[in-house]
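Novice: The residues making up each chain are set out below.
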Amino acid sequence: MSTTTTAKPKLKTSAMIASFADPGQKTMSAPFGHALVAAAEANPRIVGLTADLGKYTDMHIFAKAFPDRFFQMGMAEQLLFGAAAGMAETGLVPFASTYSVFAARRAYDFLCLDIAEPNLNVNIVGGLPGLTTGYGPSHQATEDMAIFRGMPNLTIVDPCDSVDIDQAVPQLAASDGPTYLRLLRGNVPTVLDEYDYKFELGKAKVLRGGNDVVFVSSGLMTMRALQAADALAKHNVDVAVVHTPTIKPFDSATVLKELDTDRLAVTLENHTVVGGLFETVASAVVTAGLGKRVVPIALPDQFLDAGALPTLHERYGLSVDRIVAKVLSELG
Amino acid sequence: MTLSSVEAATAAAPTPERIERIRAAAFRIRHHALTMGEVQGQGYVGQALGAADMFAAVYADQLNYRAGDPHWEGRDRFLLSTGHYAIGHYAALAEAGIVPVAELETYGSDDSRLPMSGMSTYTPGMEISGGSLGHGLTIAVGMALGLRAQNSSNRVINFLSDGELDEGSTWEAAMGAHHHQLGNLIAMVDINALQADGATNTVLRTEPVTEKWESFGWYTQRVDGNDVGALLAAFDNIAAVAAPVGRPSVILCDTKVGRGVPLLETREKAHFMRIEENEWQICRDQLTAGYEGAASA
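So the protein sequences, as listed, match chains R and F. Per our numbering, residue 1 is the first one in the first sequence, and the count goes up by one each step. Per our numbering, residue 1 is the first one in the second sequence, and the count goes up by one each step.
Just so you know, the hints here were simulated from the structure itself, not pulled from any lab data. Computed from a predicted structure; not experimentally measured. Mixed in with the good hints, there may be bad ones.
Unchecked claim - Straight-line distance between alpha carbons at most 25 Å, and here's what the computed SDA-like set of lysine to any residue pairs gives:
#, chain 1, residue 1, chain 2, residue 2
1, R, 203, R, 273
2, R, 64, F, 149
3, R, 55, F, 149
4, R, 234, R, 21
5, R, 55, F, 181
6, R, 64, F, 151
7, R, 64, F, 178
8, R, 64, F, 175
9, R, 257, R, 208
10, R, 205, R, 25
11, R, 64, F, 148
12, R, 198, R, 177
13, R, 55, F, 212
14, R, 64, F, 180
15, R, 248, F, 121
16, R, 55, F, 179
17, R, 64, F, 179
18, F, 212, R, 74
19, R, 64, F, 181
20, R, 64, F, 150
21, R, 55, F, 180
22, F, 212, R, 198
Take these sequences, add in the hints, and give me the full structure.
Specialist: Below, the structure written as structure tokens:
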């Protein structure tokens with residue numbers, strides 16, 4: 001009997017707050033927290049609330065800077081959003097943070113009736129949108145946009161990176177009605193500084209042109225779209241990228257102008273294929289009578305596995321390699 | 001009146017003149033509610049009659065407001081969490097001069113500012129949209145925090161029903177109010193022991209209600225909610241004992257559905273009470289007779 005032992009292969013683990021930044025990628029720490037502090041310095045009406053997730057939604061940065069304007073509501077999401085509505089009724093501008101799953105699933109009635117119906121300036125900040133944690137369905141808000149798109153008055157923002165978040169926060173505070181921000185937290189990639197780009201609430205932006213394919217993307221999938229566009233260039237495929245950080249109201253005009261060509265149209269989103277960016281684009285295309293095929297790259301309509309994020313992004317088609325393979329197969 | 005909290009009541013008893021003024025307001029509120037009920041031929045008249053003394057104590061005695069300027073920044077906030085009690089709230093808003101009495105007959109009609117379920121976007125003086133039960137106290141906590149953060153001395157009074165004690169959000173808010181030491185917050189619970197599917201104790205047992213609120217850290221008083229003197233004394237106790245030490249207060253009000261109209265008090269209890277066309281005048285006559293009889297007694 002052999003006495004030698006073989007080393008076990010190192011297992012990939014599923015950290016709650018897994019970073020989707022690539023190794024060596026330029027990042028910024030807690031862009032939301034710092035942007036909120038900057039906005040609050042300019043606007044004394046801004047307050048911050050959380051439901052026992054301050055440290056995990058970057059709200060702790062604000063709490064430290066403005067302890068008197070920070071309100072810990074406990075692990076009570078219905079109270080969090082009801083109270084945020086009440087604060088807005090007194091003239092304050094609340095930013096209320098929790099995980100997206102709890103905002104969308106657990107506190108929907110409170111967001112809908114206490115905040116959206118009276119059209120209050122309450123800014124909902126949801127951590128772990130889409131597939132940004134390996135914890136499984138309890139924490140993966142894969143259908144948050146599908147849930148929220150049906151809510152009248154609510155503006156939905158799906159930022160790509162630290163640049164988007166930094167520029168979006170003051171615009172969310174300044175816009176009158178309620179907003180929902182799909183928060184990227186921790187060390188967030190900095191991507192859009194390489195482009196001639198400014199975040200404008202309600203606007204889509206063409207980040208790069210391309211003759212063969214047009215990507216329409218939001219959230220962290222815009223980062224992947226840009227990486228995939230570079231990779232596809234090596235296959236002599238020329239890809240345009242349109243970034244649509246505001247999902248609702250949707251900038252159909254800019255997107256339809258880009259789609260009304262012979263190029264292969266692909267949507268990319270960190271969200272289920274049901275009810276998110278793909279269906280938003282598809283609806284705009286059909287309404288305009290474009291008669292154009294649109295290929296979705298999105299999460300499948302199923303409860304996702306637990307695991308390490310890179311494993312899961314590869315498994316469910318969000319990785320750059322999977323995007324490239326999908327486009328090449330579509331092009332035949 | 002039973003006083004369950006550890007603090008002793010220290011306030012002096014309300015004067016007979018003050019009590020009589022509120023009783024008169026409650027009588028007019030009940031009268032308005034019958035007017036609105038007759039337009040619809042049915043509705044939440046029973047609840048409005050039961051809660052009329054609570055509304056009267058709030059609007060005619062407690063609330064700081066300007067009738068001509070319902071959004072006046074210096075107002076106290078009264079939140080109707082129980083949206084279907086709007087009929088009673090509209091009657092109180094008419095008594096307060098915020099809604100014209102003549103407008104009450106539009107209650108529940110197309111394009112009326114007075115919809116069946118109360119909504120802030122429709123009605124002057126209506127602070128929130130109730131109806132989805134268990135919301136009011138969460139909003140009230142935020143308002144009380146927001147007012148305090150802006151150095152306002154205004155108070156927030158949230159009206160809720162015993163049925164709303166079924167909702168977990170009510171208890172999230174109860175914990176939050178105590179944690180944040182909201183002495184500027186008062187909850188009034190209408191305990192009429194009736195909810196949509198029947199008697200409260202058959203739907204979901206909420207008793208012991210007093211002990212629940214006390215254990216959540218609230219200054220808790222349980223009173224006969226149709227006894228104006230007891231209601232006023234409860235408010236006076238709050239001002240004397242709880243508000244100064246940053247303790248949220250609840251007044252648990254046992255009320256009688258249909259109170260003031262014997263025909264309805266004795267009718268089989270129903271969430272949505274049916275009243276025949278020929279009965280409205282009888283209701284009004286009974287209401288007036290009861291009020292005048294008590295006044296002369």
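Novice: Hint check: residue 55 of chain R vs residue 212 of chain F, CA-CA at most 25 Å. Holds or violated?
Specialist: Violated, because 32 Å separates the two Cα atoms, which is more than 25 Å.
Novice: Against the 25 Å threshold, does the CA-CA distance of residue 55 of chain R and residue 149 of chain F hold or violate the hint?
Specialist: 23 Å, holds
Novice: Sort out whether residue 25 of chain R lies within 25 Å of residue 205 of chain R, counting only the CA atoms.
Specialist: Satisfied, since the Cα-Cα distance of roughly 23 Å is no more than 25 Å.
Novice: If you draw a straight line from the CA of residue 64 of chain R to the CA of residue 178 of chain F, is it 25 Å or shorter?
Specialist: The given pair, whose Cα atoms are some 23 Å apart, holds under the 25 Å limit.
Novice: For the pair supplied as a hint, residue 64 of chain R and residue 151 of chain F, confirm whether the alpha-carbon distance does not exceed 25 Å.
Specialist: Satisfied, since the Cα-Cα distance of roughly 21 Å is no more than 25 Å.
Novice: If you draw a straight line from the CA of residue 55 of chain R to the CA of residue 179 of chain F, is it 25 Å or shorter?
Specialist: At roughly 20 Å apart (the allowed maximum being 25 Å), residue 179 of chain F and residue 55 of chain R satisfy the hint.
Novice: Between residue 64 of chain R and residue 179 of chain F, does the CA-CA distance stay at or below 25 Å?
Specialist: 20 Å, holds
Novice: Regarding the pair residue 64 of chain R and residue 175 of chain F, is the alpha-carbon distance no greater than 25 Å?
Specialist: Between residue 64 of chain R and residue 175 of chain F the Cα gap is close to 24 Å, so the pair holds against 25 Å.
Novice: Just to be careful, I want the Cα atoms of residue 203 of chain R and residue 273 of chain R compared with a cutoff of 25 Å; is the pair within it?
Specialist: 22 Å, holds
Novice: Keeping to a limit of 25 Å between CA atoms, is the pair of residue 55 of chain R and residue 181 of chain F held or broken?
Specialist: At roughly 24 Å apart (the allowed maximum being 25 Å), residue 181 of chain F and residue 55 of chain R satisfy the hint.
Novice: If you draw a straight line from the CA of residue 64 of chain R to the CA of residue 181 of chain F, is it 25 Å or shorter?
Specialist: 21 Å, holds
Novice: Under the criterion that the straight-line Cα-Cα distance not exceed 25 Å, is the pair residue 248 of chain R, residue 121 of chain F satisfied?
Specialist: 23 Å, holds
Violated hints, in rising order: 13 and 22; the structure is consistent with all others.
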